[in-house]
Amino acid sequence: MANLVIICGKSGTGKSTAGYQLDPKSTFWINCDQKALPFKGWKKAYSKENKNYTKTSSMSDIATLLGAIPDKAPHIKTVVIDTVNRMMTDKVMAERHVKGFEKWSNLSGGIYDIFSVINQSLPDDIDVFVLSHSDEGYNDMGTQYKKVMTAGKQLDKIVLESMSSVVLFTHVISDGKGKNSYWFQTQTDGTSTAKTPEGMFEKYLIPNDMQLVKETMEKYFNE
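Residue numbering for the sequence shown follows the numbering used here, starting at 1 and increasing by one per position.
Hints are computed from structural coordinates only; laboratory data are not their basis.
Just to be clear, a hint being listed does not mean it is correct.
[Unchecked claim] Below, computed lysine-lysine pairings styled on DSS-like, alpha-carbon distance capped at 25 Å:
# : residue 1 : residue 2
1 : K195      : K219
2 : K40       : K214
3 : K10       : K55
4 : K146      : K203
5 : K55       : K40
With the sequences and hints as input, model every part of the structure.
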């Protein structure tokens, strides 16, 4: 069972940037959004030539790729899936002519298969970071909420956060003068679905650094 980490937040709040400290030699980046990565020198660090990068939003291709890592790429210890929402959007658009329940069943089944591969087929020395946009608003009772954005009622019922013990939300602090600092929220503030195991992180806010998260999890899980 790999260590699954969900990182959730609005666009531009530091999800992808958080991977800048990862070691490209042991990291595989799945660029579902198919956009430039937001840190300096990424094209040299991640490429098809380096065999550590691909651009795809195909759920079946991603599930197959993940399942092949232990045998075909045992040096890979970190996988970044950026983002799960692009997979959902492209699946819905590709099957927009499919009527009724089948389209949504295919969507939820594809996402479920990917999470199942991560949680059941990958070894426990691999960390998988699944990046997601956040769904934020108020429910019918007027209560504020922040959660992983999904498509279709089936995924809402599955609750993707329930499939991981580490769910981090992005948090941006602005000085009001055009300078921002970027953080991860490690616990819920009463509105978000953020969570981490008790004692894993001492602070409510930590730097948005996937490598820091990796090192902290390794120490916590193996003490």
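Structure-based check of all given hints:
This hinted pair checks out: K195 and K219 have alpha carbons roughly 18 Å apart, not beyond 25 Å. About 21 Å separates the Cα atoms of K40 and K214, which keeps this hinted pair within 25 Å; it holds. Between K10 and K55, the direct Cα distance comes to roughly 21 Å. Compliance with the 25 Å bound is thereby established for this hinted pair. Simply put, K146 and K203 have alpha-carbon atoms about 20 Å apart, close enough for the 25 Å limit, and the pair holds.
Under the criterion of a C-alpha separation no larger than 25 Å, the hint pairing K55 with K40 is consistent with the structure, at around 19 Å.
Going through the hint list in order, the structure satisfies each hint without exception.
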